[in-house]
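For what it's worth, our numbering labels the leading residue of the sequence shown as 1, then goes sequentially.
Worth flagging that the hints you see were computed from the coordinates, not collected in a lab.
Some hints here could point you the wrong way.
Stated by the list, open to error - The calculated lysine to aspartate or glutamate pairs, modelled on DMTMM-like cross-linking and capped at a C-alpha distance of 25 Å, are:
(1) 98 / 24
(2) 38 / 28
(3) 76 / 35
(4) 3 / 111
(5) 68 / 52
(6) 3 / 55
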Amino acid sequence: QEKLFFLDYAPVIFTSAKSGFHLDRLLEAIRYVSDQLKQKIPTAILNRTLRDAIEAKQPISNKGHFLKFYYATQVKQSPPTFLLFVNKGELFSPQYVKHLTAQMRKAFGYEGCAIVLVPRARPKTVESIRKVKPPGTGERKRPAKGGVKRGKPFSKGRPPQRGPRARR
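Modelling step: build the complete structure from the supplied sequences, incorporating the hints.
Listed below in structure tokens is the structure:
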């Protein structure tokens, strides 16, 4: 356990290949971990759990900046991978990721499974979200044949209104 400290989430089962001691426990553990990998966490429950974990222990601020958690979603089941939308992705230190994964293990099980958290920062400006298409990509620059009618929206020769709001 000391040499494999980075696998602290994995169950430890002592077996013997020579005598077959505890091989049944090993197979049970494999089935259990396999079942854990198949679970899909609903987004609402995931967000509530992560929000509680973040409120309980905020990450250390970086020059006055604090982590704002927007929402999270599960993007992959094996290994369980979660995409976290936050204001600043650099506020996620390895220690803080370990804290959040421990809270998720406590809430959802995931014993023996590696949990992957991917923080994604929100873009700083609206322009960076918009997709700017280069010229010549197929968009029409001028209106369709007949063009856009200018002037008053309805002239004297407008068609009669139909429906419940028609004038009588």
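Hint-by-hint comparison with the structure:
{"no.": "1", "hint": "98 / 24", "verdict": "violated, 31 Å"}
{"no.": "2", "hint": "38 / 28", "verdict": "holds, 16 Å"}
{"no.": "3", "hint": "76 / 35", "verdict": "holds, 15 Å"}
{"no.": "4", "hint": "3 / 111", "verdict": "holds, 19 Å"}
{"no.": "5", "hint": "68 / 52", "verdict": "holds, 13 Å"}
{"no.": "6", "hint": "3 / 55", "verdict": "violated, 33 Å"}
Going down the numbered hints, you'll see the structure goes against 1, 6, while the others check out.
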